[in-house]
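Q: Construct all of the structure, not just a fragment, from the sequences and the given hints.
Line order of the protein sequences matches chains A and B.
At position 167 of the first sequence the residue is numbered 167 (this note's numbering), and the sequence of numbers has no breaks.
At position 65 of the second sequence the residue is numbered 65 (this note's numbering), and the sequence of numbers has no breaks.
One or more hints might be untrue.
Copies of the same chain look alike in the list, so a pair counts if it works inside one copy or between any two.
[What the hints assert, rightly or not] Calculated pairs, SDA-like style, for lysine to any residue (alpha carbon to alpha carbon, straight line, at most 25 Å):
(1) Lys177 / Glu264
(2) Lys105 / Asp32
(3) Lys309 / Ser349
(4) Lys268 / Thr374
(5) Lys177 / Cys347
(6) Lys255 / Pro73
(7) Lys260 / Arg3
(8) Lys268 / Ser189
(9) Lys268 / Pro190
No wet-lab data here; the hints were simulated from the structure.
There are 2 protein chains.
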Amino acid sequence: MQREIFLSGMGQTRFGEHWDKSLSDLMSEAIDTAITSSPCTALDIDLIIVGNMLGEIGSDQAQLGSLASSLLPHRPPAIRVESACASGSLALHTACAFLESGRAKTVLVVGAEKMTDVSPDVIAQALMGAADAEADRPSGLTFPGIFGLIASRYMYEYGLRREDLSLVSAVHHARSKENPFAQFRSEISPETVSESALVADPLRLLDCSPISDGAAACILSTEHGSTIRIAASQIAADTLSLTHRPSITTFPATKEASEKALLEARIKLSDIRFLETHDCFSIAALINLEDLGFADPGHGVDIYRRLYKRKSDAEILVNESGGLKGCGHPVAATGIKQVIDVAKALCKSGERFGLAHNFGGAAATCGIHILEHTHA
Amino acid sequence: MQREIFLSGMGQTRFGEHWDKSLSDLMSEAIDTAITSSPCTALDIDLIIVGNMLGEIGSDQAQLGSLASSLLPHRPPAIRVESACASGSLALHTACAFLESGRAKTVLVVGAEKMTDVSPDVIAQALMGAADAEADRPSGLTFPGIFGLIASRYMYEYGLRREDLSLVSAVHHARSKENPFAQFRSEISPETVSESALVADPLRLLDCSPISDGAAACILSTEHGSTIRIAASQIAADTLSLTHRPSITTFPATKEASEKALLEARIKLSDIRFLETHDCFSIAALINLEDLGFADPGHGVDIYRRLYKRKSDAEILVNESGGLKGCGHPVAATGIKQVIDVAKALCKSGERFGLAHNFGGAAATCGIHILEHTHA
Chain A
1 MQREIFLSGM GQTRFGEHWD KSLSDLMSEA IDTAITSSPC TALDIDLIIV
51 GNMLGEIGSD QAQLGSLASS LLPHRPPAIR VESACASGSL ALHTACAFLE
101 SGRAKTVLVV GAEKMTDVSP DVIAQALMGA ADAEADRPSG LTFPGIFGLI
151 ASRYMYEYGL RREDLSLVSA VHHARSKENP FAQFRSEISP ETVSESALVA
201 DPLRLLDCSP ISDGAAACIL STEHGSTIRI AASQIAADTL SLTHRPSITT
251 FPATKEASEK ALLEARIKLS DIRFLETHDC FSIAALINLE DLGFADPGHG
301 VDIYRRLYKR KSDAEILVNE SGGLKGCGHP VAATGIKQVI DVAKALCKSG
351 ERFGLAHNFG GAAATCGIHI LEHTHA
Chain B
1 MQREIFLSGM GQTRFGEHWD KSLSDLMSEA IDTAITSSPC TALDIDLIIV
51 GNMLGEIGSD QAQLGSLASS LLPHRPPAIR VESACASGSL ALHTACAFLE
101 SGRAKTVLVV GAEKMTDVSP DVIAQALMGA ADAEADRPSG LTFPGIFGLI
151 ASRYMYEYGL RREDLSLVSA VHHARSKENP FAQFRSEISP ETVSESALVA
201 DPLRLLDCSP ISDGAAACIL STEHGSTIRI AASQIAADTL SLTHRPSITT
251 FPATKEASEK ALLEARIKLS DIRFLETHDC FSIAALINLE DLGFADPGHG
301 VDIYRRLYKR KSDAEILVNE SGGLKGCGHP VAATGIKQVI DVAKALCKSG
351 ERFGLAHNFG GAAATCGIHI LEHTHA
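A: Quick look at the structure:
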């Protein structure tokens, strides 16, 4: 980062089923909250970056930059960024580039998704847009199917047991219970997860993040300071198709983006105290901990065992918000909401560094942001 | 521009109906041509920006950044930008910000669209995504309908006659006849335009740019020089919905972006010799000439009268490529292809400045690039 970029405002809607709100309503609510929370006025915003994946299919709406711009009195320039479930982090990354270029001083980044106005079948097919339409889709797979294959292979390679995998969602629900913005605010036991309906063997319903409506917004600024700065913003890509990868139990894009982010922030992994990671399916959380370097391959579940017991010596606090499983996953809002949750955790705890890890599809795109609490 | 940005490579497919090529095939062809035309190798590319509007609906494909990245051996980070028919210019603008930030030194920008794999009805509905789904779509309008209303109002305000409007497409076809990448390579008379099938009164079939497949790619670099530099890159937004605008016969986003672009390039409008402008419908070309300042309100057609007669004293050369009507309009490819055509015209003529003007929907987003031939 050449210029210091501050997180000068943030806001989100509750994630969940908002039958009474349109995509535009959700964006508007998150934007208003972010502006209210910041030292800026709407007129200070000189660029908007919108993250959104499903506007066309869920709401018949493209050109969402202009839609967001229309919500502000001075209609600033606006760009929509899409990278499936990584749309949020890529929108933040794009905003950082504009701030560093000097073309903008204060950027509103908003991620929004309206997924419940069409049937779950339509959404499942639309989410398959995050896979390769030529190489993957003809197999008939859906994303639960893709991550089911990943989970099967992982269990085969590392001997992970079904009851251990169930710890992941149990931990996330225990955390989301405390989060007023979360879609699910009830605890579930690992046994309940294991006994829930089979979706794509070995994944069960409670291994899967839900279909959600929601929006989240951040104001990033080089001019309006705050106690939270963006210490690193990095992205990486992998092959879109799973069929072109040597392994499906590790995601190289996560490794590449996180290595670059640690270099950019000039810190070690052990400096990170809070992690929000992309648990679109329970198995993903385990792989992510390994790819990020918090656990050796096959040992991600050890961290969840400690988190489940709330052991105070847990080396890293993971998805204190409740993660995608507990909070809900309005896809493009997630990457921005993760940054908000890391910022909140840093402010509340006084800890210095946290990391938000967001990916698209089966990690064909990864976006990582490291936040620093400058008064820590 | 803080760092000099050069157009170091460019390539495009022919625009038209490519029944035998997928979205990925089209992207690949344009990318390969751009790399071959440049002093760079694929490995020099450290970021890809993809412009695309219709991937989800036309090809079941989202996350196009990763799709493009998968086409290169080293899978660089990649971002997809969408702003309806302005997706191409917004992708270029985003690339400029990354180059100016220093985060990238060489960026591949590719715009691609595959519109003929689904029925025209589906595409017409998908293109309506560029309008406001809540405020405009319920009226039943399509984009020909929107521009039909605009043309009706323009005729009422300025007394434009049907036979004069027909000059626009006649001029574009006369130019595209000479362009090997154009979808239509036959001349049409103004009478043929006036007598073509009515689509949305007063617009007729030959007033409308077609549905097209195609891709265009540019390599922008701060490191690999060329004789063409980006002298300005600017964007602006307007209300997404037409119903919120005081007038529909002028597009403020064009005015705002072009004023900022002239300031950035530090030139006068009269320094511009070549213009590629967004003639999605014939009426748009006239409004654009007025909004850009080349003609007074109601007098855009005077320029087309002179262009039709190929008068050598025509003050500005407009759409020498054939424009959207003659070349075809694979929506996100258009903004990038316009820049390529301006660059070609500057190189061929030895003139110094040209301007590419691209908009989305009814100019709810506008992107403008001014190119300078540095050896002119």
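Q: Now look at each hint and say whether the structure bears it out.
A: Status of each hint after checking the structure:
no.: 1; hint: Lys177 / Glu264; verdict: neither (34 Å within a copy, 52 Å between copies)
no.: 2; hint: Lys105 / Asp32; verdict: within (19 Å within a copy, 36 Å between copies)
no.: 3; hint: Lys309 / Ser349; verdict: within (20 Å within a copy, 74 Å between copies)
no.: 4; hint: Lys268 / Thr374; verdict: within (17 Å within a copy, 46 Å between copies)
no.: 5; hint: Lys177 / Cys347; verdict: within (20 Å within a copy, 64 Å between copies)
no.: 6; hint: Lys255 / Pro73; verdict: between (41 Å within a copy, 18 Å between copies)
no.: 7; hint: Lys260 / Arg3; verdict: both (18 Å within a copy, 24 Å between copies)
no.: 8; hint: Lys268 / Ser189; verdict: neither (34 Å within a copy, 70 Å between copies)
no.: 9; hint: Lys268 / Pro190; verdict: neither (33 Å within a copy, 69 Å between copies)
Of the numbered hints listed earlier, those contradicted by the structure are 1, 8, 9.
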